[in-house]
Amino acid sequence: MPVDAILSAAPLKFALLCYVAGAFAGLVFFRFERAATLLSFGCAALASLCGLAVCAAALAGGMAAANPSFDLLPSLVPWMQFTVRLDPLGAFFGLVVSLLGLAISVYSLGYARGFYGRKNVGVLGAFFNALLLATTLVFLSGNAFFFLIAWEIMALTAYCLVSFEHEKDEARNAGVLFFVMSHLGTGCLILGFLLLFQASGGYGFDGFHALGDAMSPGKRDAAFLLFLVGFGVKAGIVPLHIWLPSAHPVAPSNVSAFMSGVMIKAGIYGLARAFFDFLGPPPGWWGVTVLSLGVISAVLGVLYALMEHDLKRLLAYHSIENIGIILMGLGAALMFLHSGHPVLAALALIAGLYHTINHAVFKALLFLGAGAVLHATHTRNMEEMGGLAKRMRWTALFFLVGAVAISALPPLNGFVSEWLTYQALLQGFGTTASLVRIMFPISGAMLALTGALAAACFVKAFGITFLAQPRGEHAAQAQEAPFTMLLGQGILTAACVFLGLFPTVFLKLLDPLTQQLTGEKLSGQLTAANGLALSNGALSGGTVSMLGIAFAGLALLAAPLVLRGLFAARAKTRLAPTWDCGQPGLTPRMEYTATGFSKPIRMIFKALFRPRREMQREYDFSPYFATTLRFESHVEEVFQTRIYRPLVRQVLRVSRRLRALQAGSIQAYLIYIFLTLLALLIFAL
Amino acid sequence: MSLDLPDVVLQTVLLLLLAPLVSGCVKNWKAKLQNRRGPPVWQVYADLLKFFRKDVVISEHASWVFSCAPYVVFVAALLAGLLVPMATARAPLSLFGDVLALVGLLALGRFFLALGGLDPGSAFGGMGSSREMTIAAVAEPALMLAIFTVAIAAGSTDLSRIVQFAQSPDWKWFNPTHVMAFAALFIVLLAETGRIPVDNPATHLELTMIHEAMLLEYSGRYLALMKWGASIKQLVLMTLLVNIFFPVGLAAAGPRAVALGVLIYAAKLLALAAAVVIVETTNAKLRLFRVPDLLSAAFSLGTLALLSTFLFQ
Amino acid sequence: MNAPSVSADLGSQLITLMAALMLVLQLLLVVENRVLTGIRLYAIQSLFLAGIAGVVAFFNNAVDVYIVAALTVLGKVVFLPWLLNRQVRRIQIVQEIEPLFNAPTAMLVCGGLTLLGYIVARPFTGLERLGNNTLAIAITLVLTGFFLMFNRRKALTQVLALLTVENGVMLAAIALTTYGMPLVVEFGIFFDVLVAVMILGILVYRIRESFASMDTSKLNQLKG
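If you read the sequences in order, they're chains E, W and S.
Quick note: the first sequence uses this note's numbering, first residue 1, plus one each step.
Quick note: the second sequence uses this note's numbering, first residue 1001, plus one each step.
Quick note: the third sequence uses this note's numbering, first residue 2001, plus one each step.
Keep in mind that the hints are not guaranteed to be accurate.
[As the list claims (entries may be wrong)] Partial list, computed: chain S residues near chain W (C-beta under 10 Å):
| id | residue |
| --- | --- |
| 1 | Gly-2075 |
| 2 | Ala-2106 |
| 3 | Met-2107 |
| 4 | Ala-2173 |
Treat the hints as calculated values from the structure; they're not laboratory data.
Keep in mind that this is a model prediction, so the values were computed, not measured.
Every residue gets a Cβ at the ideal spot worked out from N, C-alpha and C, and that includes glycine.
Hey, can you work out the whole structure from these sequences and the hints?
See the structure below:
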């Protein structure tokens, strides 16, 4: 097995170089739109393909020995090394970024055409490549400095892409919010890494491994909290999520897909890296905190998603939900490590990481579908869509697959990872005698609630967008997306089906990872019946085989077909208008709306949403025959109105006071600097 | 751990044939309790046959999703049925899925049912879909908690193992855990199958219907598949209830034992159907926004059941 | 008489089951808005209490507990519900007005109280012999009864809540300490409550007369 050959740095370097080349190609050829598109996204696709091969080969090869590493650039300062290191955790996330990078780049070849003549496509391509490169380096860097640099480049390029359509107010505001929140997180990360540096004396990730034992409990907890906040901002954990639903939708759809699919996973990567690799054996409350945050994010994310009728905002809120589900896996794993059950910890970790890749795949698929719809209808508002299943057959089919997958319905991949999460939570009940164990089944019930609400939300998203009559002019004239856009979605659809039907094949790739983080290999235990069924290893308390279900379903399809042949052979089919209660003229305005669809849920959870509605009715002779009707309905964003706005107000008040310091004279500033210097010197004494 | 093809076929046939009978019995007994004569118990079969023979009228606004939905609903219900032990202690397809897969399959059917309701663009269908998904969402946590309670006791989510555990001497008949979990699941059963305090299966009154609203545009064989699928789903949930909580007379092997098992199983099923009928007759339909109260009661029962598993040792 | 040791397990199971059902009824009472149904739920709950007393009496051959059981049936399953029913008919209320917490929230609170009850009762679970763990339920009944009392505004429902608190006390008395607790004390509790309910019944009627409402939150109008 030429694992070493694959792992020798050449292919990886080639992939990274391709990204750089793509970025430059975009900038150089920005005047020639077609060439810029083809070259920059072509390079990105090639680089991703290469990265995919490297990461998959690395994981499949077992990665037994030391993690291969090399320095990307000569180090300028002694402790500042640009080390690229391929370890199992990094390789797994590298796999995710490359898989999505491939599909999204292919999609972008067609998607970028929508910007021709309007925007600078070359810049889009350049930043896109830079974002992919930075994200890949975030996962592969083996040094805290290099990590932070990559992390910042990732944030900055993402900022530029969010505000790509900067002529829109919405995009600029979202960009600024993203920028501020992102830096808040980075600040925490810098402090966290400094704490680690203090304990290890270096910045290399190899030196950080299992550092928790060497730190005092207080510092360890501080580092835990700093990393939780720092990476939590990027991941979009409630209540640090507020930037996410405004930033993801305004970016171009291919970028939204990448941000929701991969970039927020950088937060998950950081959490996994910090908690399982760096900080060592966790105290009990870490797991409880992470699990609770996961439950809260999952439930609130899906509830807010249900209230959206902006297709892309809806998807963005679902990212928060799915990050919550992933955190449930990670939190449970921390709790199991605390109670000394490494096998269960590995199971929970696998559940979380499997959901990571699953979410990446189906969320990117859905965003690409939304992008195709946006391309065709020029609106993100679901209330103006409808009837697209007839006009955009393939896009509709792909979106439906994504919707079924994200709703955690068998036989697709969302179900598989949620099944693993359920199993981990169920097994958790027996791991401890304390009352904490009641958290496991309650979290499971909340996961069930999340899943059912997600299904409701995607019935709405698919049903209102693609079914029934078109509600707007653009929707009525919509046309199918070009081939490359469909191909990009097709790749992800295939990935959804593969990850759903063949989880046991994929789980083998996770072996080195769980070996690295928990010391257990589980793929052997998790497969049953010649590798066709998935079983929960620890107690083999249940098996499930999506392949079996899919085949049995196909076989059972014979039953209705036979019945049809027996009894309905002579029945004819004819088209007729929908039943209109005898009053001819059923118009799209009479269809159920997205807002109406989610009304029962808005009512049930009104304590959370605090819905407010205003109605103005003008009429001539009777209120029942209104001439004009204006209806407004709002849902309160609790976190924005209750936490962030008062906070911002306080910050502004304090800064207004501090403005007195800003005298405008150079002398004054020099005095400040001088005084600070003196203070530091005295402090150092 | 091998697939037993005769078992699969037998159970498929049993599901297909028994489901309309149970629906018919419920309808007939309900009428009797209300001093009406009611349709004969075989009426549902006749209805299904009639629907199959009729021509199909499809809305001109509907897309391919509309015609796919009945097949998905029907097959998902049937497949879910093959994951439950009915007359024997082992489900024919237990290797392919556990109780979580069963819940997932039922949700898959519901997903497509709701899409089918939205597709023709009629306001009724949208209303039905919206309500169906809402009620399902609030019922799901209660359902899962009750299932968790049983699964934790048995140490497995595999339905065959759960049932076998229920037959073992460790099982306590008067365990409050089981009573509360049963009550929670019973409420969920009423909600999921559209029974009276939640939905009225007999009405076509526009503003109160949920399940019927989604079927409004369906006709011919599609309607037959939808109705049949719904009754199979009802049978599956009822089977789940009777076999988890009253695991008497589940056959091990052998034709005679299986025949006896079928008889006992039918008796248990009819007893549960009678309970449903009594609840339906003595209660009025709840307002839509009172349904969450009922389901939150089910959720609390599930929580209590769970608490009891480790507090009533 | 069969040997108690053989079926003591059965007895214990029955007691636990009936105690659990009392708890379930209590929760239903918390979400139930109709007063008449509430009274019926209370009657059934009392019936289970009597059942527990009966089982305890049977397995301990304690005649005085039989008397308690009989009195419970007479007083709480027949007489008090009848009295309250008459009251309801006299003042013609059917539905409770909007409670302080809506049903799901109330359920959540009750879930928390149940957990609290279980935690509080934990140290004692090893002590008793027969109805083990009924103490937890008894405490929960008392707690949720209090919660019910301040969650509702109608005086009559508050009386009902008080009665369930009393049921909780009785449950603790019967299931835990009955072997030592003198019959006289139980009679005392019993008649106290009886008298209290009758006085409250009259009061309810008076409140209704004076304020044309039974909403106790209107009592703050008495302030000068």
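(message) Tell me the numbers of any earlier hints that the structure contravenes, in ascending order.
(response) Checked against the structure, the hints that fail are numbers 1 and 4, while the rest are satisfied.
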